[in-house]
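Below are the chains, spelled out letter by letter.
Protein chains: 4
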Amino acid sequence: MATFSRTRKIRFAHTDAAGIAFYPRYFGMMNDFIEDWFGDGLGFDFKHLHIDEKRAVPTVHIEADFIGAGRMHDELTFALTVTKIGRSSVHLRIRATSGGEDRFRMTFVIAHMAMETGKSLPWPDDMRAAMEKWLAPEGENS
Amino acid sequence: MATFSRTRKIRFAHTDAAGIAFYPRYFGMMNDFIEDWFGDGLGFDFKHLHIDEKRAVPTVHIEADFIGAGRMHDELTFALTVTKIGRSSVHLRIRATSGGEDRFRMTFVIAHMAMETGKSLPWPDDMRAAMEKWLAPEGENS
Amino acid sequence: MATFSRTRKIRFAHTDAAGIAFYPRYFGMMNDFIEDWFGDGLGFDFKHLHIDEKRAVPTVHIEADFIGAGRMHDELTFALTVTKIGRSSVHLRIRATSGGEDRFRMTFVIAHMAMETGKSLPWPDDMRAAMEKWLAPEGENS
Amino acid sequence: MATFSRTRKIRFAHTDAAGIAFYPRYFGMMNDFIEDWFGDGLGFDFKHLHIDEKRAVPTVHIEADFIGAGRMHDELTFALTVTKIGRSSVHLRIRATSGGEDRFRMTFVIAHMAMETGKSLPWPDDMRAAMEKWLAPEGENS
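Residue numbers (the working numbering), protein chains in the order written: chain A, 86 to 227; chain B, 86 to 227; chain C, 86 to 227; chain D, 86 to 227.
Honestly, I wouldn't trust all of these hints.
Copies of the same chain are indistinguishable here, so a pair counts whether it falls within one copy or spans any two.
Here are the simulated SDA-like pairs of lysine to any residue, each with C-alpha atoms no more than 25 Å apart in a straight line [said to hold, decoys possible]: (1) 139 <-> 200; (2) 94 <-> 104; (3) 139 <-> 180; (4) 94 <-> 135; (5) 94 <-> 127; (6) 139 <-> 124; (7) 132 <-> 166; (8) 132 <-> 218; (9) 94 <-> 136; (10) 132 <-> 209.
In short, the hints are calculated from the structure, not lab data.
Take these sequences, add in the hints, and give me the full structure.
Here you go:
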């Protein structure tokens, strides 16, 4: 099973007055992580996509379960698999752990559209093929 | 049906290179909004809760549907109802509209715990009673 | 002396693990405040400027003195005066207080340029005239 | 001359509707960078300092010159030197470049205090000695 992963350290800047990582900042981290997956995992650079090709990949649905508190300087490991590739959307499952313990699990549905018209665009064949490499095996698509 | 609502303007600081509101910043807005609901809607101030009483109200589950793009200087209206009050958790449904059009819908499950032990705490009776005022009517709790 | 002012509450989302407002978030607040000054104080809306006219007003210089810690739910009052109007730049002095006590003082130098070329643009006469209304009196321009 | 440096990529999450890095986010990056300097450059971990020893290192003064716009996926190199070590403060000079071109220059004055009393604390000898390794040579302290 192909899993795209990255690690990231929880910083002072991510914390709040409760002394733990403030959850809205996890979504900023997730955007960076998905940006890395597009660039390094798929070979389709976010900058090229947005600036040169005027295509956007907006997040249309998120589910998130926050399991354990993130503490300053915890090393988080993010692991991503694809659970479904639609005509112009893709479903991702992301797990964040630290030292083997769960921190959060999220699912993202990301759409593909033309930036100027806001109309959905089918994935080009090469992008679809690149995504298939990260598909979770059958039976794990929930 | 009691709905707690607030309006907020999308700022330059909320936008990204795609020219629209960057969704991770919506979660920061939601935290401010829920903070207002605790203080103004329930009469239990976030500061008092966190600093004086060392109680935390962490978000444990989120579902979000992003329906329409937010543009700079759109006025967003957020409307909150309670869909379930558990022993030490509360379920919220939030709708964001602008000029009558949907922008996003979210559900939040918020827990109640002692900050130092991380153990869940049942809601005190006065807090539970305050929450009941914002309950959605039967049949709309989904 | 004409002073443009606004108030803003320090939120949970502005705090860090030291329990006080995290200073990088003050710069986000300052951007919102300067955005309000352009729109409400000068009558030149940030959205119109950026989106329709493709003009940008980048910050080119900042000096900041952080005097007192900001605590959750402090009401901050921001007061702005203009200290210098250049050909294609403007110098602003901002003071933030809470309950009459200083929190921070900042000076900003903001430039005026064409978004596409990055070349500086002289202020149009109407914008310059609007800025003059907020000029600090002689002898206070330091 | 000892210079502490790190690189960091400008992300989609750092951009604004003008398509360039939004300057308030540079201050968040600078906080991470100074956190790295404390931990990796000085050997005094931010977490240990804040959580275990209840000491804070608040920023009391900043000067910033923004020289060139930051674009998505630019690699920024940050270089830090110490220009002055006071009894309970330290002055830092930071230069950010990308591909050899200047992006911004900042100076920071950072204080050292007890978190609970807010009173300034002299640097311990070992911290002072660690800081001296990063001092800029004479004649460059401006």
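Homomeric proximity label, residue 94 with residue 127: Cα distance no greater than 25 Å: both (24 Å within a copy, 19 Å between copies)
Residue 94 and residue 135: within-copy, between-copy, both or neither at 25 Å Cα: between (27 Å within a copy, 17 Å between copies)
Within, between, both or neither, where residue 132 and residue 218 count as close if Cα-Cα is 25 Å or less: Intra 22 Å, inter 39 Å, cutoff 25 Å: intra-copy only.
Homo-oligomer pair classification [residue 104, residue 94; C-alpha up to 25 Å]: Classified as both: same-chain Cα gap 15 Å, cross-chain 20 Å, threshold 25 Å.
25 Å Cα threshold - placement of residue 136 relative to residue 94: between (29 Å within a copy, 17 Å between copies)
Intra/inter-copy verdict for residue 132 and residue 209 if alpha-carbon distance must be at most 25 Å: For residue 132 and residue 209, only the intra-copy Cα distance (17 Å) is at most 25 Å; the inter-copy one is 34 Å.
Homomeric proximity label, residue 132 with residue 166: Cα distance no greater than 25 Å: within (22 Å within a copy, 32 Å between copies)
Residue 139 and residue 200: within-copy, between-copy, both or neither at 25 Å Cα: Result: close both inside a copy and across copies, 5 Å intra and 18 Å inter.
Copy assignment of residue 139 with residue 180, given that the CA separation must stay at most 25 Å: neither (30 Å within a copy, 29 Å between copies)
Homo-oligomer pair classification [residue 124, residue 139; C-alpha up to 25 Å]: The answer is within: 16 Å in one copy meets 25 Å, while 29 Å across copies does not.
Violated hint: 3 only; the structure is consistent with all others.
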